[in-house]
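Student: Okay, here's what each chain looks like letter by letter:
Protein chains: 2
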Amino acid sequence: MKKIEIVQGLLAANNATASGNRALLDRHGCLAVNIMSAPGAGKTSVVLRTIAGLGATVRTGVIEGDVASTVDAEKVQDAARAVVQINTKGMPESCALVADMVDAALRRMPLDRLDIVLIENVGNLICPSEFDLGEHVKVVIASTPEGDDKPLKYPLIFADADAVIINKLDLLPYVDFDMDRFTHAVRDLNARAPFFPLSCKTGEGVAEWVAWLRDRIHKA
Amino acid sequence: MKKIEIVQGLLAANNATASGNRALLDRHGCLAVNIMSAPGAGKTSVVLRTIAGLGATVRTGVIEGDVASTVDAEKVQDAARAVVQINTKGMPESCALVADMVDAALRRMPLDRLDIVLIENVGNLICPSEFDLGEHVKVVIASTPEGDDKPLKYPLIFADADAVIINKLDLLPYVDFDMDRFTHAVRDLNARAPFFPLSCKTGEGVAEWVAWLRDRIHKA
Chain A
273 MKKIEIVQGL LAANNATASG NRALLDRHGC LAVNIMSAPG AGKTSVVLRT IAGLGATVRT
333 GVIEGDVAST VDAEKVQDAA RAVVQINTKG MPESCALVAD MVDAALRRMP LDRLDIVLIE
393 NVGNLICPSE FDLGEHVKVV IASTPEGDDK PLKYPLIFAD ADAVIINKLD LLPYVDFDMD
453 RFTHAVRDLN ARAPFFPLSC KTGEGVAEWV AWLRDRIHKA
Chain B
273 MKKIEIVQGL LAANNATASG NRALLDRHGC LAVNIMSAPG AGKTSVVLRT IAGLGATVRT
333 GVIEGDVAST VDAEKVQDAA RAVVQINTKG MPESCALVAD MVDAALRRMP LDRLDIVLIE
393 NVGNLICPSE FDLGEHVKVV IASTPEGDDK PLKYPLIFAD ADAVIINKLD LLPYVDFDMD
453 RFTHAVRDLN ARAPFFPLSC KTGEGVAEWV AWLRDRIHKA
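Line order of the protein sequences matches chains A and B. If you're matching positions, the first sequence starts at 273 in the numbering used here and goes up one per residue. If you're matching positions, the second sequence starts at 273 in the numbering used here and goes up one per residue.
Hints were generated in silico from the structure; no laboratory data involved. This one's a predicted model, so the numbers in the text were calculated from it and none came from an experiment. There may be inaccurate statements among the hints.
Same chains, same names: a pair is fine if it fits in one copy or spans any two.
Stated by the list, open to error - Taking lysine to any residue pairs in the SDA-like style, the calculated list, with each CA pair at most 25 Å apart, reads:
id: 1; residue 1: Lys473; residue 2: Asp442
id: 2; residue 1: Lys361; residue 2: Glu402
id: 3; residue 1: Lys347; residue 2: Arg486
id: 4; residue 1: Lys361; residue 2: Arg453
id: 5; residue 1: Lys361; residue 2: Leu282
id: 6; residue 1: Lys361; residue 2: Ala457
id: 7; residue 1: Lys361; residue 2: Ala465
id: 8; residue 1: Lys473; residue 2: Ala324
id: 9; residue 1: Lys473; residue 2: Gly325
id: 10; residue 1: Lys361; residue 2: Asn462
id: 11; residue 1: Lys347; residue 2: Leu428
id: 12; residue 1: Lys361; residue 2: Ala435
id: 13; residue 1: Lys347; residue 2: Leu443
id: 14; residue 1: Lys361; residue 2: Arg459
id: 15; residue 1: Lys361; residue 2: Leu283
id: 16; residue 1: Lys361; residue 2: Asn287
id: 17; residue 1: Lys361; residue 2: Asp434
id: 18; residue 1: Lys361; residue 2: Asn286
id: 19; residue 1: Lys473; residue 2: Asp452
id: 20; residue 1: Lys347; residue 2: Asp460
id: 21; residue 1: Lys347; residue 2: Val447
id: 22; residue 1: Lys347; residue 2: Pro445
Excised from the complex, chain A in its bound form (with noise of 0.2 Å):
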């Protein structure tokens, strides 16, 4: 029972600090996103399409969340109005960000200066479902190519979903991925979530995910 005590312990502070998270990006008026994904499901992509579909009016900034690399803060750089790369190799928790990683980059950041925090968590359908980092929004990606059962394999991430983007459309042709069978699967866990089947590719759909999280953002 050791070991259990000691990460519930951990998942407690990691609580609070995301409660201070929280209370900072409300009193700027700023909306933070969560955006979690399988690695390679498009989390990149997606960042960058919603700042584009958001316009110039809305001021956006990244987190980007990688276990190595800035290959991802070196794409958004020119997009978003502020990047921070947060790189989690080494540290005691490397599979996902955690509330402490983004409170020290929202400290880095002109939040008085923002609307919205785009963050982009590691790749990773498990460990990132067990953090809470402060967001008020909690975005799973999925993509065509990783099939249609993962809602069945990873389940705590897809019911915990504020909404759910389903990218890689273009692929629907050449892959094996049943949207019922998904869409379905992903309802058994989550009631609320709406589905954003799009691609960013092609820019089918973008329109529709951009809309519902414009909204959000008049709310924050």
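For chain A, the structure is supplied; the task is to place chain B on it using the hints.
Tutor: Just chain B now, kept in the frame of chain A:
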């Protein structure tokens, strides 16, 4: 420093159990292969292609690791001589198989009647690289729709691999994946692992992978 000491204690215990697993497998002349990848890269498809490629003269057991569900065990149960499903949901480590779980699974398998055990790890490019399971061969599968930058972002799992499979070669015309960039990124981390580009859908390239693996069985 408290947490790091505890984690190191867990890893030392894991390594001891892994050594026990390896000794057990060696006593039965049984090769164990740890198959790792991101969610949806095609681990189960590779397992099925591998069993078919090795043919009826090689007796194959499979350990299926997933957070939840028995989807994969059901897919392989007709092909393998023995299948054990491990669900990690609710266990202290849920994001990867650990040596204790494999120990329990091996005790439920008829090792004296198996030549090889394929261990399908939990879909994750981070956590599985931390835990020795007692395997003889570590294989990482990357799939073309994930993009060619995965070795930069998840270096440890590629650095430790004994072989790298590049799956979903049939999708290459439809995705942004530069084979040279991928293989160079892996070579920067790992001087020795052979590459096996293949498609589980069409069967292209599977024979080369199976031939390499078959040669390892004879050496076990």
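Student: Against this structure, judge whether each hint is valid.
Tutor: Going through the hints against the structure:
1. Taking CA atoms no more than 25 Å apart as the test, Lys473 paired with Asp442 passes in both settings, with 7 Å inside one copy and 18 Å between copies.
2. Proximity of Lys361 and Glu402 under a CA criterion of 25 Å is satisfied in both settings, with 18 Å inside one chain copy and 12 Å between copies.
3. Taking identical chains as interchangeable, the C-alpha atoms of Lys347 and Arg486 lie at most 25 Å apart only when both belong to the same chain, with a minimum of 22 Å there against 42 Å between chains.
4. Only between protomers do Lys361 and Arg453 lie at most 25 Å apart by alpha-carbon distance; the minimum there is 22 Å, versus 36 Å within a single protomer.
5. Proximity of Lys361 to Leu282 under the C-alpha cut-off of 25 Å is found in both arrangements, the shortest distances being 19 Å within a copy and 19 Å between copies.
6. In this homomeric assembly, Lys361 and Ala457 come within 25 Å of each other (Cα to Cα) only across copies, at 17 Å, whereas the closest approach inside a single copy is 33 Å.
7. In this assembly of identical chains, the alpha carbons of Lys361 and Ala465 lie at most 25 Å apart only when taken from different copies (23 Å versus 32 Å within one copy).
8. For a Cα distance limit of 25 Å, the shortest separation of Lys473 from Ala324 inside one copy, 13 Å, qualifies, whereas the shortest one across copies, 36 Å, does not.
9. Taking the shortest Cα distances, Lys473 and Gly325 sit within 25 Å of each other inside one copy (14 Å), while across copies they are farther apart (36 Å).
10. When the C-alpha separation of Lys361 and Asn462 is checked against a cutoff of 25 Å, the pair qualifies only between copies, where the shortest distance is 18 Å, while the shortest distance within a copy is 32 Å.
11. For a Cα distance limit of 25 Å, the shortest separation of Lys347 from Leu428 across copies, 23 Å, qualifies, whereas the shortest one inside one copy, 30 Å, does not.
12. Within a single copy, Lys361 and Ala435 get their C-alpha atoms only as close as 28 Å, which misses the 25 Å cut-off; across copies the closest is 23 Å, which meets it.
13. Proximity of Lys347 and Leu443 under a CA criterion of 25 Å is satisfied in both settings, with 23 Å inside one chain copy and 24 Å between copies.
14. When the C-alpha separation of Lys361 and Arg459 is checked against a cutoff of 25 Å, the pair qualifies only between copies, where the shortest distance is 20 Å, while the shortest distance within a copy is 35 Å.
15. Proximity of Lys361 to Leu283 under the C-alpha cut-off of 25 Å is found in both arrangements, the shortest distances being 20 Å within a copy and 17 Å between copies.
16. For a Cα distance limit of 25 Å, the shortest separation of Lys361 from Asn287 qualifies both inside one copy, at 22 Å, and across copies, at 21 Å.
17. For the identical chains of this complex, Lys361 and Asp434 are inter-copy neighbours only, at 22 Å across copies versus 28 Å inside a copy, given an alpha-carbon limit of 25 Å.
18. Taking CA atoms no more than 25 Å apart as the test, Lys361 paired with Asn286 passes in both settings, with 19 Å inside one copy and 21 Å between copies.
19. Both within a single protomer and between protomers do Lys473 and Asp452 lie at most 25 Å apart by alpha-carbon distance, with minima of 22 Å and 22 Å respectively.
20. Taking identical chains as interchangeable, the C-alpha atoms of Lys347 and Asp460 lie at most 25 Å apart only when they sit on different chains, with a minimum of 22 Å there against 36 Å within one chain.
21. Taking CA atoms no more than 25 Å apart as the test, Lys347 paired with Val447 passes between copies only; the shortest distance there is 18 Å, against 27 Å inside one copy.
22. Taking identical chains as interchangeable, the C-alpha atoms of Lys347 and Pro445 lie at most 25 Å apart only when they sit on different chains, with a minimum of 23 Å there against 28 Å within one chain.
Violation of the numbered hints given earlier is absent; every hint is satisfied by the structure.
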